[in-house]
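Below, each chain spelled out in residue letters.
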Amino acid sequence: MPWKERYTISDEKSLTDDEVRWPGGARCCVSITIDLSIAAGPSGIRATDLGTPPALFGMGQGLDAVLGILKRYDLKATFAVPAVIAHIYPDKIRAIAGAGNEIAAHGFKHEDVSSLEGADERERIAHTTAILADVTGRRPAGWFSLPRQGDPFAGGTISPNTMQLLIESGYTYMGNSLADDIPHYWVTDFASPQAILTLPYYYHFDDQFFLMFPRRGTGLEHPDALFRNWKAEFDAQYRRGRHFHMTLHPQHIGWCNRLQLLDDFLAHVRRFPDLWNPTGEECARYWLETYPASSYLKLEPSIWQDYPGSLS
Amino acid sequence: MTSLDRELEELREAAGAYGARHRFIPEFRYPPGVRIAVNFTLDFDSMLLRRLLNEPPMQLAKGEFGGRVGIWRLIELFDAHRVTATIFTPGRACELYPQALRAAARSGHEIADHMWEHRVPNEAELEEDHLSKTVAALEKISGRRPVGTRSSHSAALLRKDGYIYRSEGSADQRPHYELDENGENCLVNLPFHYVIDDAMFFSFAWLGSENQAQRVTDPERVFDIWWAAFRQQYGEGGYLNICMHPFVSGRALRVAMLDRLITRMKSLPGVWFPNCEQIARWCLEQFPPAGAS
Numbered sequence: 002m003p004w005k006e007r008y009t010i011s012d013e014k015s016l017t018d019d020e021v022r023w024p025g026g027a028r029c030c031v032s033i034t035i036d037l038s039i040a041a042g043p044s045g046i047r048a049t050d051l052g053t054p055p056a057l058f059g060m061g062q063g064l065d066a067v068l069g070i071l072k073r074y075d076l077k078a079t080f081a082v083p084a085v086i087a088h089i090y091p092d093k094i095r096a097i098a099g100a101g102n103e104i105a106a107h108g109f110k111h112e113d114v115s116s117l118e119g120a121d122e123r124e125r126i127a128h129t130t131a132i133l134a135d136v137t138g139r140r141p142a143g144w145f146s147l148p149r150q151g152d153p154f155a156g157g158t159i160s161p162n163t164m165q166l167l168i169e170s171g172y173t174y175m176g177n178s179l180a181d182d183i184p185h186y187w188v189t190d191f192a193s194p195q196a197i198l199t200l201p202y203y204y205h206f207d208d209q210f211f212l213m214f215p216r217r218g219t220g221l222e223h224p225d226a227l228f229r230n231w232k233a234e235f236d237a238q239y240r241r242g243r244h245f246h247m248t249l250h251p252q253h254i255g256w257c258n259r260l261q262l263l264d265d266f267l268a269h270v271r272r273f274p275d276l277w278n279p280t281g282e283e284c285a286r287y288w289l290e291t292y293p294a295s296s297y298l299k300l301e302p303s304i305w306q307d308y309p310g311s312l313s
Numbered sequence: 107m108t109s110l111d112r113e114l115e116e117l118r119e120a121a122g123a124y125g126a127r128h129r130f131i132p133e134f135r136y137p138p139g140v141r142i143a144v145n146f147t148l149d150f151d152s153m154l155l156r157r158l159l160n161e162p163p164m165q166l167a168k169g170e171f172g173g174r175v176g177i178w179r180l181i182e183l184f185d186a187h188r189v190t191a192t193i194f195t196p197g198r199a200c201e202l203y204p205q206a207l208r209a210a211a212r213s214g215h216e217i218a219d220h221m222w223e224h225r226v227p228n229e230a231e232l233e234e235d236h237l238s239k240t241v242a243a244l245e246k247i248s249g250r251r252p253v254g255t256r257s258s259h260s261a262a263l264l265r266k267d268g269y270i271y272r273s274e275g276s277a278d279q280r281p282h283y284e285l286d287e288n289g290e291n292c293l294v295n296l297p298f299h300y301v302i303d304d305a306m307f308f309s310f311a312w313l314g315s316e317n318q319a320q321r322v323t324d325p326e327r328v329f330d331i332w333w334a335a336f337r338q339q340y341g342e343g344g345y346l347n348i349c350m351h352p353f354v355s356g357r358a359l360r361v362a363m364l365d366r367l368i369t370r371m372k373s374l375p376g377v378w379f380p381n382c383e384q385i386a387r388w389c390l391e392q393f394p395p396a397g398a399s
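Line by line, the protein sequences give chains H and S. Quick note: the first sequence, position 304, residue 305 per my numbering, numbers continuous. Quick note: the second sequence, position 30, residue 136 per my numbering, numbers continuous.
Fair warning: there could be bad hints in the mix.
Pair by pair, the computed Cβ-Cβ distance ranges are [as the list claims (entries may be wrong)]:
id: 1; chain 1: S; residue 1: A121; chain 2: H; residue 2: E301; range: 50 to 60 angstroms
id: 2; chain 1: H; residue 1: P24; chain 2: S; residue 2: D365; range: 25 to 35 angstroms
id: 3; chain 1: H; residue 1: F191; chain 2: S; residue 2: A121; range: 52 to 62 angstroms
Within a straight-line C-alpha distance of at most 25 angstroms, the following computed DSS-like cross-link-like pairs (lysine-lysine) qualify [to be verified]:
id: 4; chain 1: S; residue 1: K239; chain 2: H; residue 2: K5
id: 5; chain 1: S; residue 1: K246; chain 2: H; residue 2: K5
id: 6; chain 1: S; residue 1: K246; chain 2: H; residue 2: K14
id: 7; chain 1: S; residue 1: K239; chain 2: S; residue 2: K266
id: 8; chain 1: S; residue 1: K266; chain 2: S; residue 2: K246
id: 9; chain 1: H; residue 1: K299; chain 2: S; residue 2: K246
id: 10; chain 1: H; residue 1: K77; chain 2: H; residue 2: K232
Sample of chain S residues lacking proximity to chain H, with all beta carbon distances greater than 10 angstroms (derived) [what the hints assert, rightly or not]:
id: 11; residue: L110
id: 12; residue: F134
id: 13; residue: R135
id: 14; residue: A186
id: 15; residue: S213
id: 16; residue: S258
id: 17; residue: N291
id: 18; residue: I302
id: 19; residue: S399
Treat the hints as calculated values from the structure; they're not laboratory data. Yeah, the Cβ is synthetic: ideal placement off N, Cα and C, and Gly gets one too.
With the sequences and hints as input, model every part of the structure.
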């Protein structure tokens, strides 16, 4: 691709539907991310966020309900866990992992790192990695930076250094990028080239943007739209044989009518044969082995020219 | 004349001056057998507008989906339905997605102007420079000079470069003519309305909108709105211009919705899917603007 720094993060063209293959001849990949952050906005999880009923519900009855539904439909998920949540609830995190789910890192306290100095961010990544490794007995393979309801954009916040720091910190994958709907490489250095594998995320399949959004008490409730988006995307991706991904928050989806919505949707999904339901790590390892960057990332030098009066 | 009367007169003149810049076509009709023309138009800005607005990395990645994935799916969809689309393309996109644009041109889709880098500079000289750069880039990639634009470029510059139409605004539901402030440089306008624009329904933080105003609806609801718009215009022998962004409508769930929408449109007799240039030329040949240069 005509690579262009600060415009593109990957190559020019995605894999076609025909090129996408899943283990054991599975027809479609279904992956679920469960976000255990209760950060309201860019400052990350604050004491005031933790001292709220939704915080208790999200790590209590809401979480139990979501885990119960996953078990009932025999589905695994990747839990994106801020270090502070693992520190406060180590037993719950171990129980989630013990049920076959993946524990991935979700920042120190799910704060906005976009303006942090490199050294500061590196330190936060190292500290977060150590806390999660200590709680689960295993280094996390994946890192997430998911959006919060109070963010100005619904894509998650990263700094210009984040992806490179994750590579240097030994992460196998980054959990959320919007440039594709299958796993794809996020290039950090064109010349070498160097890249980290990212997994697809899209806010239209993230419960928090439909359920009392933008914040509880003032937001609007659109569970019907959420359900139709999930269903339309799953059906379309199943036909294409690609990848369906959804993001859930126990404090939102665990509550009465919404829990029924999740139940109904997963019942729909389970009516389809030949699904592959990996954790983020399993998906990433399969992808790295089957579609290695060395042969599948097709970067071409930039053909961009700089002109006076134009963006560079 | 009192000051109140003067104010009334000024307002009347303002309305009159704007009205005088438009020539509607009450006798507008299509070739025999056609009841409605539907233009599918893509605004192919991928991450360029996000970059122009200095938005953060994930916003750019969201736009990149349009170039890596979305544009290809939409070309495939249009080709499968034998729909000829118009792709309003920033000149810069030719340096980012040359493969997709060549493929679109090969399939017979029209490549038209969507500014150089998704802005019209205020400085006249720079505006001319941006426009001519875009003409050159689009001609090089598609093999044809663009004749249409979705932009607010000055009509005088557009006419000088050989443009015949613009697709912006909604002063009338059918194709019509617009003149510049001096009553000159007439262009066909192929009206576009925000109700028939995917970004109004699906794009988070479109043009700096607040979180309270987010577009988080679903394809079924938009299908209903667009089908209702089509049905109403079909009944009138009218016109529909459906504006889409590949990073929005190229998502799998929305391509599936468009597939259903086009299939349903095709189930009625007399539905024509030309590109914008074909409609503009039809207007100029059959209903030339009276007394306009």
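Hint by hint, here is what the structure shows:
no.: 1; hint: S/A121 to H/E301: 50 to 60 angstroms; verdict: holds (54 angstroms)
no.: 2; hint: H/P24 to S/D365: 25 to 35 angstroms; verdict: holds (29 angstroms)
no.: 3; hint: H/F191 to S/A121: 52 to 62 angstroms; verdict: holds (55 angstroms)
no.: 4; hint: S/K239 to H/K5; verdict: holds (19 angstroms)
no.: 5; hint: S/K246 to H/K5; verdict: holds (20 angstroms)
no.: 6; hint: S/K246 to H/K14; verdict: holds (21 angstroms)
no.: 7; hint: S/K239 to S/K266; verdict: holds (14 angstroms)
no.: 8; hint: S/K266 to S/K246; verdict: holds (19 angstroms)
no.: 9; hint: H/K299 to S/K246; verdict: holds (23 angstroms)
no.: 10; hint: H/K77 to H/K232; verdict: holds (19 angstroms)
no.: 11; hint: L110; verdict: holds (43 angstroms)
no.: 12; hint: F134; verdict: holds (36 angstroms)
no.: 13; hint: R135; verdict: holds (37 angstroms)
no.: 14; hint: A186; verdict: holds (13 angstroms)
no.: 15; hint: S213; verdict: holds (16 angstroms)
no.: 16; hint: S258; verdict: holds (18 angstroms)
no.: 17; hint: N291; verdict: holds (24 angstroms)
no.: 18; hint: I302; verdict: holds (19 angstroms)
no.: 19; hint: S399; verdict: holds (30 angstroms)
The earlier numbered hints are all upheld by this structure, with none contradicted.
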